[in-house]
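Chains F and A are the protein sequences, given in the same order. First residue of the first sequence: 101, per the numbering used here; consecutive thereafter. First residue of the second sequence: 102, per the numbering used here; consecutive thereafter.
No lab work stands behind these hints: they were computed from the structure. In this text, a Cβ means the ideal position worked out from N, Cα and C, and glycines have one as well. Keep in mind that a hint or two might mislead.
What the simulated footprint calls covered on chain F by chain A, stretch by stretch (three residues with Cβ under 8 Å from a Cβ of chain A suffice, anywhere in the stretch; the number is not a length) [claimed, not checked]:
id: 1; region: 143–155
id: 2; region: 174–186
id: 3; region: 189–200
id: 4; region: 308–319
So you can see what is in the structure, the chains are spelled out below.
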Amino acid sequence: MSEIALKDIIKPENLVYQKTRLMTDKELSYCPGCGHGTTHRLIMEVIEEMGKEHETVGVAPVGCSVLAYEFMNIDMQEAAHGRAPALATAIKRLWPDNIVFTYQGDGDLAAIGTAETIHACNRGEKFVIVFINNGIYGMTGGQMAPTTLEGMKTSTSPYGRDPELMGHPLKITELVAQLPGTYYVTRQSVETPSAVRKAKRAIKKAFQNQLNNAPGLSFVEVVSNCNSGWKMTPVDANNWMEENMFPFYPIGDIKVDGQLVK
Amino acid sequence: MGEIKLMKGNEALAEAIIRAGTDGYFGYPITPQSEVLEYLMASKPWETTGMVVLQAESEVASINMLYGGGGSGKKVVTSSSSPGISLMQEGLSYIAGAEIPILIVNVVRGGPGLGDIQPAQSDYFQSTKGGGHGDYRLIVLAPSSVQEMADFVPVAYDLAFKYRNPAMILSDGAIGQMMEKVEFFEPVPRLSDKEVKARYSWATNGKLKNGERRILTSLDLDPQKLEDHNHHLQEKYREIEEKEVRYEELQCDDAEYVLVAYGTSARVSLKAVKLLRDKGIKVGLLRPITLWPFPTKTIQNMVEQGVKGFLSVEMSAGQMVEDVRLAVNGKVKVEHFGRLGGVIHSPEEVVEALEQKIIGE
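Isolated chain A (complex conformation) (with noise of 0.2 Å):
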């Protein structure tokens, strides 16, 4: 058993991002996640593990000095809200195409612009269509609890290693700021600065012994080598949706309809299976843990066994839904239900949703 602690799920990140042996931390400070670079300063990671944290500028900056510290083969980490995640699309794109690994937090809030402070989920499209400019993606997985927030740390700069590809953990404000029991896992240590040179001959750090350079750079003035390089990509894209979708199934086995949603929204859609279950309606709940790669393949099983319709339930005017369409291909119905501009939904809603938009017609 590992240690048990009452957290924020912010402070939980903090946490879980010393304990995945992570070298560096440059972050701004943007409500509703600045408990994450406050946990940091006040732990004093570098006295312990070595780990850098850094208050940086600015957003742009934050991005770039992972762009740097990831491309030194570190692993690095940066966390902000919807606002400043703008602001890193530019970077994420560079970082993309370079083909770094890094890991990048979004604790959402409501939008667009300046928004509010209250948690959303109105980021979707800009988390899992690539955000920046180019044809590129970013891995993208869901906490929807305190314990994942701490969970995914490991996970996804496992899978930005693997995949040499930036990951993002997209969580949400109610997510971030709630607190609730988590079990942290036993700490990773961090990498010597050997095993960094030893595991990634990509990274620069340094030219090697024998008079081999590494370049990083998402820069070919020719169109054919950079045509070629986005192939590579593309390729590396289709691996990961086919290896790394991840996703929960509740009470699907037997479920005529099904809810399809995602962190703060699958908690509320989980009430309200309970709710339309009471009422004897067959319900089930999928919830995507990877937001891209998206679990197309298991909403097609399910229009294959027989569900015959699914409702989207998103803190948002209905991004995700579109994943949900792409995959049922207009055999069953599928309607987009939510609260916007960082309004919670409550299961009531949800159930009423059902009722009205899938089964009631």
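Next up, chain F with everything else stripped away, as it sits in the complex (with noise of 0.2 Å):
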């Protein structure tokens, strides 16, 4: 009996999955184990399988992600840190019939742009934020977030974050939901098999309601962790991320078609 060779085995009949012509072949710049990666890739593929790799502009945000544009191969512009709402309601507005995102981490969306992020979803901008939540700044080496956890160590709030002395970890997502501009508004993670697949269903529903020229925006949270930020491996820091972020930062959707769940 002769042994099989790898190229028997890589036929195009026995293709289960293969990477999205929309993620670009250059390395990711994030950390092994973080959700950035998987997150770009749910967003690649949902415009792949839309068919509107043509129509779509993206924006990327300063943080992580600020390189995003290398990873996703599409048009797209890099903002300045925390405008990228803005950009991108120009976008869509000059270009209705083109698909229009942003990308944004927590300093950016949370923090920096809190006014864009506010006023581009109460004006009803019919684009998407995708909002990547790890309670962390991560590019700049583990400063305290908006979205830090009370208590939480960061290299800004060394002794834990003090509520008294630093403010409170900002529920960004459960405010823009309470604006009448916002018509999708869901919170998902990327740390399981399970996650990903309704992370995806999020995203793509998100995007299906630009398509669909719905009437207002759709908004996107993806808690996930920084484990070099946190210092824990991946795996501790998607347990922590569980046992920690999600009872604060609970997982589903907050809005559908305009309606506040529950």
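Fit the two chains together into the complex; they arrive one by one in their own frames, and the hints show the way.
Okay, here's the thing in structure tokens:
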């Protein structure tokens, strides 16, 4: 009996999964175990599945995903810190038939860009915001974020976040859900295969809303880990996330088709 | 003959914005330029030309809307006044770095800080030397009449798109608020989406059928690449300095002394030239129309032709005077005169300043 070689296995009829062509071949700059890469992939898969790669414009933030445009194989603009929703507002209004999205982290979206976030949501801009919340500033080296949990240690809250001194963690997603301009608001995660599948469904729904010209903005938060910033192994970071982040930032839909859930 | 109307400078600007085939205006109210957004909202150009008009939540948002819109290949503009323009400096730096053509209008008021709402020219440094962080330039046009508030809009757009560079119309509260007659240019139709795609291959509006995609960014983490990009920008700026200088000379042919002034100061200085000529003093007026690129060579030629002194007349503590001095390079006397904080100097004050600071000693 002859041995089975790789060339015998890699055949079109055996294909069960392949990387979307809307991810470039550039090596991801993210730490192993980080949720950014998975979330990038999900967005690109959704755009490929919708057949909209030639009509999509993405806006990258400042933060760990500042180089998102190197990985997402579509037309993209790189915004100043926090300003992505302003860029996207103009692109979508000037190209109403295009698919437009921003990809932002917690510092970008919920601290320096709070005004741009709130007002784009409140105006009901018809684009998608994908918001990665890992409770820390990853790229600058692990400083406190607006979403850092109470008691959580970071390099600028080395004894833990003390709300009296540093204010409270901001639930910006619950906040934007209250605004009449948001149409779909959900919180997801990507730490397990089942979570990834749910997150993809949510991202797909968000983009489908835009495609359907739904009256308002679709907002997808992805709670993610930052194992290097949290100083944990990827596995420990995911466990810590489930035990500590999820109780404060519960996973699930908050607003669907313009109606608050529950 | 085009249509002649009696209008405020700000209204003429707004009307010209619609006529120039603008795709989007994004702005935030601030005195003394709020008439621009008011006029646009009242005109409802979205019903006629299809132009988008949006009141943003801040000047920070406005300028970043211009990044997005201009970056998608559309003709976009914002207007504001000094404090608002300060807020836009971050965005302008990114826009210059990413080489996005946009138009920004500053109807200058007195500063620093909240200052007042009267006309001033104290934003010259901010406009012509960069303003935000990094080595970059804006193409700066300075209107001195309501007519030029209208005429410079298409000119500024052409320059912005020709060089993929932000352009600024630097006006002041007097030009913005005063009423004059203005004759409008024929409306220019907006480009179709197809035309935008055909003309601007760099614009991000959906990647090409051949798979080619565009990225607009001001970031490059590799210092060598960023140095190369900076050299490319500097080369572009040198070309603009060579080709795009605009100015007006009034009675300079036989002038022994020259007043250098733009905007409202140029109007006052023109009267001062008449008063000085009546006294038998041979004075001319050089009015830079582009503040950057600055008419350096014109001034150098004037020195060679025997001009004995220059007075830079500005409603500031002396900003443009530095560029006049650089051009003159110590060969003849250069001084500054101007009132500050929103006060406009009188022609008589300019006459006295020339006599005392340049001729007298």
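Against the structure, the hints come out as follows:
no., hint, in the structure
1, 143–155, "holds (count 3)"
2, 174–186, "holds (count 9)"
3, 189–200, "holds (count 7)"
4, 308–319, "violated (count 0)"
Hint compliance for this structure: hint 4 is the single one not met.
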